[in-house]
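**Q** Given next are the chains, with one letter for each unit.
Number of protein chains: 2
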Amino acid sequence: MQTVRLMARIVSAGTAVGKKETEGPLGACFDLRDTDDKFGMQTWERAESEMQRLAFNTALAKAKLRDTDVGALFAGDLLNQCVGSAYGLLDFDIPYFGLYGACSTSAEGLLLASAMVTHGMFARCAAVASSHYCAAERQYRTPLEYGAQRAPTAQWTVTGAGAFLVERAKENESCVRIVRGLPGRVLDAGINDANNMGAAMAPAAKDTLVRFFEDTKTRPNDYDLIVTGDLGFEGGSILAILMEDAGYPIADRYTDCGQLIYDRVGQDVHCGGSGCGCSAVVLGAHLLPRLERGELGRMLFLATGAMMSPDSIKQGQNIPAIAHLLEIECYKGGR
Amino acid sequence: MQTVRLMARIVSAGTAVGKKETEGPLGACFDLRDTDDKFGMQTWERAESEMQRLAFNTALAKAKLRDTDVGALFAGDLLNQCVGSAYGLLDFDIPYFGLYGACSTSAEGLLLASAMVTHGMFARCAAVASSHYCAAERQYRTPLEYGAQRAPTAQWTVTGAGAFLVERAKENESCVRIVRGLPGRVLDAGINDANNMGAAMAPAAKDTLVRFFEDTKTRPNDYDLIVTGDLGFEGGSILAILMEDAGYPIADRYTDCGQLIYDRVGQDVHCGGSGCGCSAVVLGAHLLPRLERGELGRMLFLATGAMMSPDSIKQGQNIPAIAHLLEIECYKGGR
Chain A
609 MQTVRLMARI VSAGTAVGKK ETEGPLGACF DLRDTDDKFG MQTWERAESE
659 MQRLAFNTAL AKAKLRDTDV GALFAGDLLN QCVGSAYGLL DFDIPYFGLY
709 GACSTSAEGL LLASAMVTHG MFARCAAVAS SHYCAAERQY RTPLEYGAQR
759 APTAQWTVTG AGAFLVERAK ENESCVRIVR GLPGRVLDAG INDANNMGAA
809 MAPAAKDTLV RFFEDTKTRP NDYDLIVTGD LGFEGGSILA ILMEDAGYPI
859 ADRYTDCGQL IYDRVGQDVH CGGSGCGCSA VVLGAHLLPR LERGELGRML
909 FLATGAMMSP DSIKQGQNIP AIAHLLEIEC YKGGR
Chain B
609 MQTVRLMARI VSAGTAVGKK ETEGPLGACF DLRDTDDKFG MQTWERAESE
659 MQRLAFNTAL AKAKLRDTDV GALFAGDLLN QCVGSAYGLL DFDIPYFGLY
709 GACSTSAEGL LLASAMVTHG MFARCAAVAS SHYCAAERQY RTPLEYGAQR
759 APTAQWTVTG AGAFLVERAK ENESCVRIVR GLPGRVLDAG INDANNMGAA
809 MAPAAKDTLV RFFEDTKTRP NDYDLIVTGD LGFEGGSILA ILMEDAGYPI
859 ADRYTDCGQL IYDRVGQDVH CGGSGCGCSA VVLGAHLLPR LERGELGRML
909 FLATGAMMSP DSIKQGQNIP AIAHLLEIEC YKGGR
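For the protein sequence lines, the chains are A and B, in the order given.
My numbering applies: residue 609 is where the first sequence begins, and numbers increase by one.
My numbering applies: residue 609 is where the second sequence begins, and numbers increase by one.
Okay, chain A solo, but in the shape it has when bound:
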């Protein structure tokens, strides 16, 4: 049994996104939207930090809290040495746990933050994650100015940051709350094509999902929605097949944040969105509001990450991947 019980109310979420995300199907849902992806900064990297700062400030403002009301921050991003988070959250006077989970960071941070508040280590914690298309392209692939052609299985790194505040849920309190979590294991499924992250990450998502169903003795149809972070269209299709094979068919209630955030055809994004920011902003701006409105009762949220670096790929290594899971429910007091 590796699944842990949690009791964490999601107090508020803040999201900040760039131009392409604003133009996508969820555009109207995000809190802050920038038209040139720079957020007033001179570099893409600083723009990513600024998105984190803005997203976290928005989450604080929605909850009518100040930074000193938060016991600890769990944050990460895709930039080398996670500087998006280190610089972005520098203004805040809060103990800081830096994370690196690639695109799984949103769920990793929420899982750890939820564990802390569940057990009273801190009264209130925050989780923040971000990514930036232009910064990621030049770090992981080629600078945009080169005009490289993208592979059919490539995904589009989301320019966005999401921040979440959690505190211990009181018994019988009506709220959206995280009730179980299952950390992922790092798996190597033998994929080494850096233009096909979905295929590399799908087996990790399957591993976590199957372990969760076995641990909890639940089935896919116990949940209104099962959503992954950024498998996109390719990886999402693979996951549906893998789960069917494993005896836990999910296709009728499955989607992926990377499939939701862009208009696949109209926005020319190939296999959909990706990046730490993808699952963070879709969770904050789209999925949590659906839970709050009662459109969803209970959801499994898995953020998936590919743990390679450009250097490890050049050195001929495969792409290890991970998926962290959270069970999130809309609890109606006294039910």
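Honestly, I wouldn't trust all of these hints.
Note that the list lumps identical chains together, so a pair holds whenever it fits in one copy or between two copies.
Within a straight-line C-alpha distance of at most 20 Å, the following computed EDC-like cross-link-like pairs (lysine to aspartate or glutamate) qualify [said to hold, decoys possible]:
hint : residue 1 : residue 2
1    : K922      : D796
2    : K646      : D919
3    : K825      : E781
4    : K922      : E745
5    : K825      : E852
6    : K672      : E753
7    : K778      : E900
8    : K672      : D701
9    : K940      : E781
By construction, these hints were calculated from the structure, which means they are not laboratory data.
Keeping the supplied structure of chain A fixed, place chain B upon it in accordance with the hints.
**A** Only chain B this time, still in chain A's reference frame:
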């Protein structure tokens, strides 16, 4: 009050180091020592992963445990995208939380692992951290082949990995245990010289230490030793002065892992050791055994990290830093 109570017994530690560390004053203490820093691998990066694997396996072997006995791993390193940990721990079938705390990772991981076992989220957790001189030089500064001259304030990245197993300490059980922890805050002290990390990190260490003394109403002389992770000689001197100014003089009981690991003059290491591996291997191979032998009764261990990237320095940003603190004691049952 940001200091948290912990109750985590350190079950075992494993350390693996390279040639220069073997030749240093603590050389005989380390579990595994390699003579060419490659650990049988073809690249420095893979050698770093191999050190993590070996260190963790050693910690498991000392405790007569298998990987499936460990509930969760907290691991990190200095390589881009933390691939030292992701690949190094791939063989183990254990839920994995990737961390990025720069050189503060050993304490960050131990703090989170201790929190988990203290509150029974997992029965047993592990923390692993590593660095490799050759991999770090080519990533952060220049490839060794260039033969660049080192600045007088430069430090030498330790080639080493340390792994720790923790479980909940039973009441009245004689053991070495982690009893309090204080996560650091990211601070910018205005330093932007990437060849003087000690100066950038010392103010973060001071911030954490002063908050800890204020939180706990203790004084430096309540502890037999106060030890930082990798401030080295320059940063260590600065910290002693900062603490004197703050009204908490520590000089008579203060040292730094980066000062202990090399012979400063004989090994030509300028300002001492640094890197995630520095505090991890000195804690595992030197400090914990001193606690076990009863030479030290109670110690404050702070691992310090500089949270910049080569890109953020090129973009003109300062070096933000962080320091996570652990109070570790040798508890004699029934005392």
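**Q** Within, between, both or neither: how does the pair K825, E781 come out at a Cα-Cα threshold of 20 Å?
**A** Neither: 26 Å inside a chain and 37 Å across chains, both beyond 20 Å.
**Q** Within a copy, between copies, both or neither: where do K922 and E745 come within 20 Å Cα-Cα?
**A** Both ways: K922 and E745 sit 16 Å apart in one copy and 18 Å across, limit 20 Å.
**Q** For K922 vs D796, is the C-alpha pair at or below 20 Å within one copy, between two copies, both, or neither?
**A** within (16 Å within a copy, 34 Å between copies)
**Q** At most 20 Å between CA atoms: does that hold for K672 and E753 within a copy, between copies, both, or neither?
**A** Cα proximity of K672 and E753: none, with 42 Å in one copy and 55 Å across.
**Q** Within, between, both or neither: how does the pair K646, D919 come out at a Cα-Cα threshold of 20 Å?
**A** between (28 Å within a copy, 17 Å between copies)
**Q** Using 20 Å as the alpha-carbon threshold, which applies to K825 and E852: within, between, both, or neither?
**A** Within. Shortest intra-copy distance 17 Å satisfies the 20 Å Cα cut-off; inter-copy 58 Å does not.
**Q** Is it within, between, both, or neither for K940 and E781, if the alpha carbons may be no more than 20 Å apart?
**A** The answer is within: 7 Å in one copy meets 20 Å, while 44 Å across copies does not.
**Q** Within, between, both or neither: how does the pair K672, D701 come out at a Cα-Cα threshold of 20 Å?
**A** Within. Shortest intra-copy distance 17 Å satisfies the 20 Å Cα cut-off; inter-copy 42 Å does not.
**Q** Indicate which option fits the pair K778, E900 if close means a Cα-Cα distance not exceeding 20 Å: within, between, both or neither.
**A** This pair counts as within: shortest intra-copy Cα distance 17 Å, inter-copy 42 Å.
In summary, the numbered hints that this structure violates are 3 and 6.
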